[in-house]
Amino acid sequence: MRFVLLAFALVLAAPALADSDMPPAYWANRQLPNPSQESEAQGLMQEIRCLVCQGESIADSDAELAGDMRDLVRRRVAAGEKPASIRAWLIQRYGNWISFRPPTQPIGWPLWLAPFVLLVVGALLAASRLKRRRRR
Amino acid sequence: MSGWLRFAPIFLLVLIVAAMLWRLANPPDTTVHSQMIGKAVPQFVLAAAVPGVAGLSSAQLADGKPKLVHFFASWCVPCIGEAPVLDQLKKQGMAIEGIAIRDRPEELAQFLARYGNPFDRIGSDPESKTQLAFGSSGVPETFVVDGRGVIRLQHIGAIQPGEIPAITAAVEQAR
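Top line first, the protein sequences correspond to chains A and B.
Residue numbering for the first sequence follows our numbering, beginning at 475 and increasing consecutively.
Residue numbering for the second sequence follows our numbering, beginning at 1364 and increasing consecutively.
Read the hints as simulated data drawn from the structure, not as lab findings.
Please read all numbers here as calculations on a predicted model, not as lab measurements.
Ideal Cβ placement from N, Cα and C applies to all residues, glycine included.
A few of these clues could be false.
Mimicking DSS-like on lysine-lysine, the simulated pairs with C-alpha atoms at most 25 Å apart in a straight line are [claimed, not checked]:
id: 1; chain 1: B; residue 1: 1454; chain 2: B; residue 2: 1428
id: 2; chain 1: B; residue 1: 1402; chain 2: B; residue 2: 1428
id: 3; chain 1: B; residue 1: 1428; chain 2: B; residue 2: 1453
id: 4; chain 1: B; residue 1: 1402; chain 2: B; residue 2: 1492
id: 5; chain 1: A; residue 1: 556; chain 2: B; residue 2: 1492
id: 6; chain 1: B; residue 1: 1402; chain 2: A; residue 2: 556
Negatives, chain B to chain A, calculated, CB over 10 Å [what the hints assert, rightly or not]:
id: 7; residue: 1386
id: 8; residue: 1397
id: 9; residue: 1425
id: 10; residue: 1428
id: 11; residue: 1429
id: 12; residue: 1453
id: 13; residue: 1459
id: 14; residue: 1460
id: 15; residue: 1464
id: 16; residue: 1489
id: 17; residue: 1520
id: 18; residue: 1532
id: 19; residue: 1536
Covered stretches of chain A (in silico footprint by chain B; criterion: 3 or more residues with CB under 8 Å from a CB of chain B, positions within the stretch not fixed) [as the list claims (entries may be wrong)]:
id: 20; segment: 506-516
id: 21; segment: 568-581
All chains, please: the whole structure from these sequences, using the hints.
Below, the structure is given as structure tokens:
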């Protein structure tokens, strides 16, 4: 009984505060009135990594900081700044990590080459097996 | 298909499992390090976060004296535990500037009254703009800024009592 009561008490307990209780930033969850600007901002927000929920983009994340980052992106797009320059500003502060579309670097080349290498290996393997079968 | 090639898939599997086990044992570092180290502090002008304590602007960080710039908030629980450490740094004569993230004046005043106020100035950053400009990603975080206004060090998370000498040394070096 005591355990059940304790369990209920835990259900009702308020979670530890990891966020402020301030309302979200003005443009965090509001679309820009100009549709072409909004779509520009959306495009960029989907490619910027959230600093809190690191697997999500700032467009998808519910974290407060992601809201502040959406506000920053929309404000700058509304002020006429190009998404590429906003992306560069963020990369200057957080590194290529912040972008879901990092530039290709020499260290990533094996990853890009792997599919072709595997394809060639597979073709050679198949060829040798088919040849053997024909011979039989 | 003879000899060692027959065992290739098993070797491959062992390799993959070993890689997975290694990653489980050594989880990747998820802290986000600012790329602004060695660069000048970004331009900002922040209004006072509480009445009675002056606001903060980037120009004030280049006055010839090295400083700590501390990002914190009254709603941040680890910041409470860090308060005595900041107090001690202040007693050692260190200049500490505060930037309050998403905070309200009354709540911040309450926080300072309860846990002490080691700050010379506190700027209010209600939409985390200055925090993003510093390349910071949470609270608490502390930056060492030298007398010319160049960022020299980022400390992520609360400063532990054992880390005070390292912070003091970094400030000495920034002189």
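Each hint, compared with the structure:
Straight-line distance between C-alpha atoms of residue 1454 (chain B) and residue 1428 (chain B) comes to about 16 Å, which keeps the hinted pair within the 25 Å bound. Between the alpha carbons of residue 1402 (chain B) and residue 1428 (chain B) the distance comes to roughly 17 Å, so the proposed pair stays at or under 25 Å and holds. A C-alpha spacing of about 14 Å is found between residue 1428 (chain B) and residue 1453 (chain B), which places the hinted pair at or below 25 Å, so the restraint holds. For the suggested pair residue 1402 (chain B) and residue 1492 (chain B), the alpha carbons sit about 18 Å apart, so the restraint of at most 25 Å is met.
For the proposed pair residue 556 (chain A) and residue 1492 (chain B), the alpha carbon gap of about 18 Å is at most 25 Å, so the pair holds. Restraint check for residue 1402 (chain B) and residue 556 (chain A): satisfied, since their Cα atoms lie roughly 24 Å apart, inside the 25 Å limit. Consistency note on residue 1386 (chain B): stated as away from chain A, and its beta-carbon is indeed over 10 Å from all of that chain's, at 15 Å minimum. Distance to chain A contradicts residue 1397 (chain B) as a non-interface residue, since its nearest Cβ pair spans about 7 Å, not more than 10 Å.
Taking the minimum C-beta to C-beta distance to chain A, about 19 Å, the non-interface status of residue 1425 (chain B) holds against the 10 Å cut. Distance check for residue 1428 (chain B) against chain A: the nearest CB is about 25 Å away, which clears 10 Å, and the non-interface claim stands. Chain A leaves residue 1429 (chain B) outside its interface by the beta-carbon criterion, the shortest separation being 22 Å against a cut-off of 10 Å. Every CB of chain A is more than 10 Å from the CB of residue 1453 (chain B) (nearest about 25 Å), matching its label as outside the interface.
With a least beta-carbon separation of about 21 Å from chain A, residue 1459 (chain B) lies farther than 10 Å from that chain, consistent with its non-interface assignment. Residue placement check: residue 1460 (chain B) keeps its beta carbon more than 10 Å from all beta carbons of chain A (closest about 19 Å). Distance check for residue 1464 (chain B) against chain A: the nearest CB is about 7 Å away, which does not clear 10 Å, and the non-interface claim fails. A cut-off of 10 Å between C-beta atoms contradicts the statement that residue 1489 (chain B) is not in contact with chain A; the least separation is 7 Å.
Chain A leaves residue 1520 (chain B) outside its interface by the beta-carbon criterion, the shortest separation being 14 Å against a cut-off of 10 Å. No Cβ of chain A approaches the Cβ of residue 1532 (chain B) within 10 Å, the least distance being about 26 Å, so the stated non-interface status holds. Its beta-carbon lying about 23 Å from the closest one in chain A, residue 1536 (chain B) satisfies the requirement of being farther than 10 Å from that chain. Under the rule that three or more residues need a Cβ within less than 8 Å of chain B, the assignment of the segment 506-516 of chain A is violated, with 0 such residues.
Check on the segment 568-581 of chain A: 3 of its residues sit with their Cβ under 8 Å from a Cβ of chain B, so the three-residue criterion for coverage holds.
Violated hints, in rising order: 8, 15, 16, 20; the structure is consistent with all others.
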